[in-house]
Amino acid sequence: MKLMWFHLMPYTELPDDFKQKHPSVWVDIHSSLFDPKRAHHMYNDFMDEMEFAAEVGFDAVCCNEHHSNGYGLMPSPNLIASALARRTTDTAICVMGNSLALYNPPTRVAEEFAMIDCISGGRLIAGFPVGSPMDTCYAYGQNPSMLRERYLEAHDLVMRAWTEKETFAFNGRFNQQRYVNIWPRPIQNHPPVWVPGGGSVETWRWCAEMDYVYCYLSYYGYKTGLGVMKGFWEEMDKLGKDRNPFRAGFLQFVGVAESRSEALERYAEAAEYFYGRCLHIDPKFAQPPGYVTEATQRVGLQSQVVKAASYQEKFKKRPTSMQEIVDDGYVIIGSPKDVEEQLREVAVNMNVGNLMMLLQYGNMSKELTKYNTKLFAEQVMPKLKPLFSEWEHKWWPKPMQRSARAELPSFSPRVEAAE
Amino acid sequence: MSEPTTTTIDINGHPCRVWTKGSGPKIGWLAGFGGLPRWTPFLDELAKTRTVIAPSLPGHPGATGHNLLDSHLDWIVAARQIIVKSGLEGEDIAGSSVGGSFVAEFAALWPHKVKRVALIAPWGLFDEKDPATDVWAQRPDDQPGVLCADPQIWKDFKAVPAGANSVEWPIEQIRASEAAARVFWPLGNTKIEKRLPLILAPTLLLWGEQDRVMPRSYADTMARLIEGKTTIKTIPGAGHLADLDQPAATARAILEFMS
Amino acid sequence: MKLMWFHLMPYTELPDDFREKHPSVWVDIHSTLFDPKRAHHMYNDFMDELEFAADCGFDAVCVNEHHSNGYGLMPSPNLIASALARRTTDTALCVMGNSLALYNPPTRVAEEFAMIDCISGGRLIAGFPVGTPMDTCYAYGTNPSMLREKYMEAHDLVMRAWTEKETFAFNGRFNQQRYVNIWPRPVQEPHPPVWIPGGGSVETWAWCAKMDYVYAYLSYYGYKAGLKTMQGFWGEMEKLGKDRNPYRAGFLQFVGVAPTRSEAMERYAEAAEYFYGRCLHVDLKYASPPGYNTEATQRVGLESQVRAAAEAAADPSKGKDALAAQGTTGSTTGTRFNMVAKTMEDIVDRGYVIVGSPKDVEEQLREVAVNMNVGHLMLLLQYGNMSKDLAKYNTKMFADHVAPKLRPLFAEWEDKWWPKPMEKAKRAELPAFAPSVQAAE
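Chains as they are written, first to last, in this note's numbering: chain Z, 1 to 419; chain V, 1001 to 1259; chain E, 2001 to 2441.
The set of hints was computed from the structure by calculation and includes no laboratory data. Note that the Cβ used here is the ideal one computed from N, Cα and C, for glycine as well. Mixed in with the good hints there might be a few duds.
[Said to hold, decoys possible] In the DMTMM-like style, the derived pairs of lysine to aspartate or glutamate whose C-alpha atoms are separated by at most 25 Å in a straight line are:
hint	chain 1	residue 1	chain 2	residue 2
1	Z	K19	V	D1141
2	Z	K317	V	D1141
3	V	K1026	V	D1130
[As the list claims (entries may be wrong)] With beta-carbon atoms standing in for the labels, derived distance ranges:
hint	chain 1	residue 1	chain 2	residue 2	range
4	E	P2144	V	G1163	53 to 63 Å
5	E	R2019	Z	G172	31 to 41 Å
6	Z	S365	E	P2144	50 to 60 Å
The whole structure should be built from the sequences, with the hints applied where relevant.
Here it is in structure tokens:
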């Protein structure tokens, strides 16, 4: 199976009384909380951590897009991916992803992903999320009633821009361009497309039809996710698709230490910071009308599973103490053996071949992150890797042969240049 | 309160409900944010002396087809078809909030096809110094009090009636909000100020004294821009949807103006 | 003065018969000419070159934005700048720049530039070009009649997003957003220095003066053609009561250094002829979308044409010069491209590329800088199909033998428009990077 290292890039210094004093971590979080000089260190720490993960052998490093968000400092994950392409050599680069309706014209997504694919020699996974209501409708002011139509149209434009050989005119409802002809073009025929989504049947069907990977990125762990993934596989069965576990991706928070009690102690602060402060979102930004399709609303009014996957549900009061966080399965912690066993269960029960691991979260320090990452890489990863080896991964990047790729020069910061 | 008669017109291949009740000279009604999930006491007040004709806008209760409309021009053309097909050309027309905006657009673009116009806190303007409230970013408990002076009135207006489909009803209410968003997201600014000077009809501008959505200053801006004779009147005890909060007073103001 | 190293990132393998077989290097250049596996090497070579320039001590590395363009492979210069931020330590990063009207909503520009400024510890120069007709109106389909208004509005939105402390609603003609509140925000206070690459329009000059932005004249036609523009710029500054601080201005110049002039001619001929011959081969039909030039600019252009024609009629020898000068100051990028010289001899004669021994180049650049009164020289030391070896040679020769002589120029002036990064001691230490050889297949 594929073990992927995911970074959300949270601002790590939200104040202790953040929940009491501030209404929301997203959309209208106050600018006075952001210190750019501290953020300089956060960004560089985070990128160090991702490069470290690549070095210790994770299959991919992942980043994603958020706007006006105190727990996601990547309005452009592409900037991070591009930098990683020049400081990693073989690791897949998973951009999870670009919210298509936020790029107008969407040609830009086709271009930027093509650039990253070219620079990295074909290591890109192209994620296409619709984007959360907070990102799309509030921070970016997109019309919720047109968001999905725009997303789908943008998807069509990007795919045509990647694959058509002649300059073409695109005559869409929302985008009209007379000359679409991107330079550069991707190395991979087109990069594998992964779609992070909630629990909507339409999305599952669309992924099956288009042969895309479906990812369920929840912060609430496998206990909540199990129902959604069950629904996904039942739908695949109905559509006559095989149960190739690499069709699916799942996000999981993890903390490894020598023992379970040590893990509880080490990761409590970071986990409580994340679930306490980072997920403190004003519910007034939860439900722009039209964001949820009527079909999904209809199912949601009847199905707990779909309801659990909706944004609305994310605003429910959630536990924020370490004990509950672990009990509810949001974060899997323990000794390497504990973690291995639990993740194996997650992967097998959900039938998920692409595990995206959050090994940094909240205000976790670089030191602890590297410890967590290294311990996972050395003692958990080797045990889990052989899982699902009977299946072919048809949705993984196909880079140029290593010997045909450019050799990256080594880099050492010039110490003599100090002021 | 007896029920109105229901007829259906076709707008872009979608059914659109038209409610009619009363006798006397016609008066058209385009409802405000949320549309008309049910008949209202305000309309009964009007129906005492007038033939009330209340068509639904696309996506509002009684009508679908909002998601065919991509541009403001699409919406204005649909509103015109609705007004013409429901027999309101050349008549008195009133509208509130979302509906009020379309009444104003119609009166501006086809100035000789309306008699008199009454607008209750119509949408379409945005002033950075005195911003309109974001009705789509309200905590669930706050929304009723933003729209009506008496939150209970909004809750009752939107409550599932006995015997209604408990799945479809709430979806219809969200759809109405979406339809409004499709036109007005994110600021409510349709640049209507460019067209207001084309309105020639005598125009009544009504504002709920406790309107928490559209600032009262917008009434002055509109009165200044509209070419026809304008009258501004505020309704005590009413919020943004004045016709829901104060049916009798609101109806009286309109009927007096249009007598 | 500041010596900056600029990369256009041209596709280096356009065929020899490109001009004959293909109508345009831009907009509808054919996809079959693009080999992504070759482009992989080009990108990495180019970034190696930019990093090498930083290593050699250039004050800044510069990148820019083009779309559907065979000589500019950076639809997002921000991706390159971000990667450079993690492989350079002290060099300024000049993104020259983001065509504002091509980002909708333009919030994205404020965000991405803030990210680069954060990652680099405050080393960003933020360039805001309108963008060429080919990029904006054709490749991106933006309405030429609204382009400049959209650009100006986007500029206002970006500046407010960088500087306002409260979440605000933006109620523009083209952009409406209820909650503008970017995270991250830039390191530099109140914002990164803004540089405006522009043609020779009085409106742009006046605007740069008013906003206290650097005006950069980025032409491919060298100092001979640029002189008049820069004189116009300084004349306007004087009128507006601004000082003659040379750091108010930037200028682009192609350069080729070798031990001798004849060797330089030989070494750089292929690359220069590739650039001026193939890279600037743009179909004229994409040159002049209506509305791209303001009516004021059209008026000035037509008046000078009439004047040149009158001079030509009165004195045929003088008129020839006037018309030649016009050949490099045509009304838009595309029209200029079509009048360009294409042989090395002409290219050098017209001053597009300055070649010679270090001493030749130093003297000529000194003349350029002094005559034009330009404190920021953006140097193209890679162009056309120049190999990485030759680009590095050119860069090193320049850094070792030319730069030290030029740097003291304008020492009496303060560069108020240069990035102000965090103190080095307070910046993050970048870990060394070594490609893991053991991971070979």
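Checked hints:
For the hint linking K19/Z to D1141/V, the alpha-carbon distance of about 20 Å falls within 25 Å, and the restraint holds. Distance restraint check for K317/Z and D1141/V: the Cα-Cα separation of roughly 16 Å lies within the 25 Å cut-off, and the hinted pair is therefore satisfied. Proximity of K1026/V to D1130/V is assessed by CA-CA distance (about 36 Å); at most 25 Å being required, the pair is judged violated. In this structure the supplied range 53 to 63 Å holds for P2144/E paired with G1163/V, their Cβ-Cβ distance being about 59 Å.
Taken as a hint, the range 31 to 41 Å holds for the pair R2019/E and G172/Z, whose Cβ atoms sit roughly 34 Å apart. The beta-carbon spacing between S365/Z and P2144/E, approximately 52 Å, falls within the hinted interval of 50 to 60 Å.
In this structure, the one hint that does not hold is number 3.
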